[in-house]
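J.: Residues per chain are reported as follows:
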Amino acid sequence: MIRRQRLAAGVCALLAALAAGMAFPGAAEADETQPSAPKVELVLDVSGSMRTQDIDGGSRMAAAKQAFDEVLDATPQEVQLGIRTLGANYRGNDRQEGCKDTAQLYPVGALNRTDAKTAVATLQPTGWTPIGPALLKAADDLNGGSGTRRIVLITDGEDTCQPLDPCEVAREIAAKGVGMTIDTLGLVPDARTRDQLSCIADATGGTYTDVRHKEELSGRVGQLVHRAADPVVTPVATEGAGQCTDAPQLKSGLFTDRAAFGQQRWYKVSVEPGQELRASVSVADDRAVNPGYGVLLRAVTQSGREIVRGEAAGTGRTDVVSTGLRYPKPASDDDNAPAETVCLQVSHSFSAAAGVKTTPGLPLELTVDVVDGPSGHHDVASFGLGRGWWLLGALVVIGFAAGLLWGWLSRWRVAVWRTN
Amino acid sequence: MRATRVLSAALLALGLAAGPAAADSSPSPSPTASPDGSAPTQAGTSFRTATEMKQGQPATASGSTGDYLYWSFPADVGQRPTVKATVKLPQAHGAQTWQLDVYDGLRRRQACQYGADPRTAAQDASQVELACVLRTVRGWAEPSANDPLPGTYYVRLTVVDLGATDLGQPVSAEVRVDSKDIGGAGAVDGSLGRPLVPGIAVTSGEKTDGAKTAVLSSFGKNDGWSSGWWSDRWVWTGIGAVLAALAGIGGYALTRGSGRPSRVPPGV
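Taken in order, these protein sequences are the chains called W and V.
The numbering used here puts the first residue of the first sequence at 1, with every later residue one more than the last.
The numbering used here puts the first residue of the second sequence at 1001, with every later residue one more than the last.
Derived from the structure by calculation, the hints contain no laboratory data.
A hint or two may mislead.
As the list claims (entries may be wrong) - According to the in silico footprint, chain W covers these stretches of chain V (three or more CB under 8 angstroms from chain W): (1) 1044-1052; (2) 1066-1075.
Unchecked claim - Calculated lysine to aspartate or glutamate pairs in the EDC-like style (CA-CA distance at most 20 angstroms, straight line): (3) V:Lys1088 - W:Glu272; (4) W:Lys329 - V:Glu1142; (5) W:Lys251 - W:Glu272; (6) W:Lys214 - V:Glu1142.
Quick caveat, the model's predicted, so the values are computed rather than measured.
Built from N, CA and C at the ideal position, the CB exists for glycine as well.
This is chain W alone, in the form it adopts within the complex (with noise of 0.2 angstroms):
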């Protein structure tokens, strides 16, 4: 079965290709106008502090320029990619003025490689690192659509412009969007730097990488751009509530939510007798929290007992928690029998670190199926069926003692003829 099933298989996959190999200019026509495009900014750093020459020789800008040379070569049909800049115009020495100094270099769209190339060419190592307020602007330029969105963030020096924190910022954003991932590239970066971009790389879910080499830094944004194509299911936003009574009703699929420290989440879901609710929670740290977190899933009746609960806790570095339950409802005899709706309540132990911002809350990830229970049909141990050396010789002595006393009987029933 499995082998005809791997040529079916091959078999879809040769059509699948030749379908695709037929329909190709159309497709990537076609990807202009899908609203579930895969959408990328690269964000780069053109702040004075690129002039150092300490990659491989030349300069951080030199490096980052080959860099996106090869990345806007392999970019994915598909993916839509857009350049914007921080501190590429702005040479004074107005602090005001050089934390507005971001600017789109070429907008998020369907990708003219040569276009793309020449703008970046121009770039000249100028002024201030805002980059709060680039990725504000970026979070924008991404905007609609629902596919995954992603920031690359490269840059050598930390954020001039505080008091807005760009972790902070990066959190607002991920809390207003979703599917939205920030990651972030250092060059050569000390080590204020690296705590600000790996902070905002947790924030949302993305990754940290330390460049010190040209391919290093080529490779990763290759790899950050094409990981951006691979087709992702995007969460659907709800907001449960704080008693089951008003909470939302899910139907099966992946939904995301914000849970506040020390906060309830209620959700409901209707499951019919003879089908199965399963659930998992994950929730995500997006800032520094406390060693020593839980989360606790339970499902809950309407009048309140708790019918089954998933648990999870642990300690030290994590992205996230998570645990799931599942609830086999009986099948009823009664066609007409009621759906059951099952209370959903999550909630997780989660502290923030001293000095952390503790709004917006923590991104919570819900996955709910509501499938086909077990439908009576069991596996081989319920047929009777036994294994092991014991069985064979408890059949062994019992059929030789049989066979036995069936010889004795007989015999001794042929006598008892006989003698008659």
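Guided by the hints, dock chain V onto chain W, whose structure is given.
T.: Leaving out everything else, chain V in the frame of chain W:
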């Protein structure tokens, strides 16, 4: 009489020989993970984006120290998966601790029976090797238990303890999952309606029109899971029945003595 003895001995030998062979040939689940069949060369960064891999196929990925690398693989009833990971570390680094976590299709963390996990790499060690042997995947468990059930499993590989200067350094990782087939020894009375594959309620309702749609987990879309009726218990029970029958014949024959009694005159 002699002919039947020879025949039964041959049957017995055949049964014994066929037993293990038949047990080994139980249907392998491993549904197609990547459509082109090639080993994955990158990893996801969350449950949602985990890269799908097959059992017995090494998956590689490059990343940065501090990344959370996710893969997913299918495991079926009667398998005892072993996850092994090798992380190649950069040339110069401080001591750091790496950890391998395995989660089931409900994102519940699964305990390792044994294995090296987590493990600390000494300063400037070139690589660190981790392993996790899971419990045997059962056909069914109480809802309140967290026994491993057939479905998707997630592997998360990350560094849990490191010096600040080591963050973001380039590392490469290789992960491989192999299973030992436990067979009927792990059989329990029951089975799931559908395997624990996240999003299966959504994907099973969709029509397969060949379009590349995003799914949480694509394992076992077109069946591919063992139906649960086959087990080496059939072989054990079968051999047991044959042996019992032979023993019965033997016992019966014993009461009859060897051949015709001498006191019975011929022609009766």
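J.: Next, verify each hint and record whether it holds.
T.: Results of checking the hints against the structure:
1. Proximity of the segment 1044-1052 of chain V to chain W, defined as three or more residues with a beta carbon under 8 angstroms from a beta carbon of that chain, is established by the 5 residues found.
2. Coverage of the segment 1066-1075 of chain V by chain W holds. Counting CB-CB distances below 8 angstroms, 3 residues qualify, and the rule asks for three or more.
3. Using a Cα cut-off of 20 angstroms, the hinted pair Lys1088 (chain V) and Glu272 (chain W) is violated, with the two alpha carbons roughly 50 angstroms apart.
4. Restraint check: the Cα-Cα separation between Lys329 (chain W) and Glu1142 (chain V) comes to about 12 angstroms, which is no more than 20 angstroms; the hinted pair holds.
5. Annotation: proposed proximity of Lys251 (chain W) to Glu272 (chain W) holds, straight-line Cα distance about 12 angstroms (limit 20 angstroms).
6. Between Lys214 (chain W) and Glu1142 (chain V) the alpha-carbon distance is near 54 angstroms, which puts this suggested pair outside the 20 angstroms criterion.
In this structure, the hints that do not hold are numbers 3, 6, in rising order.
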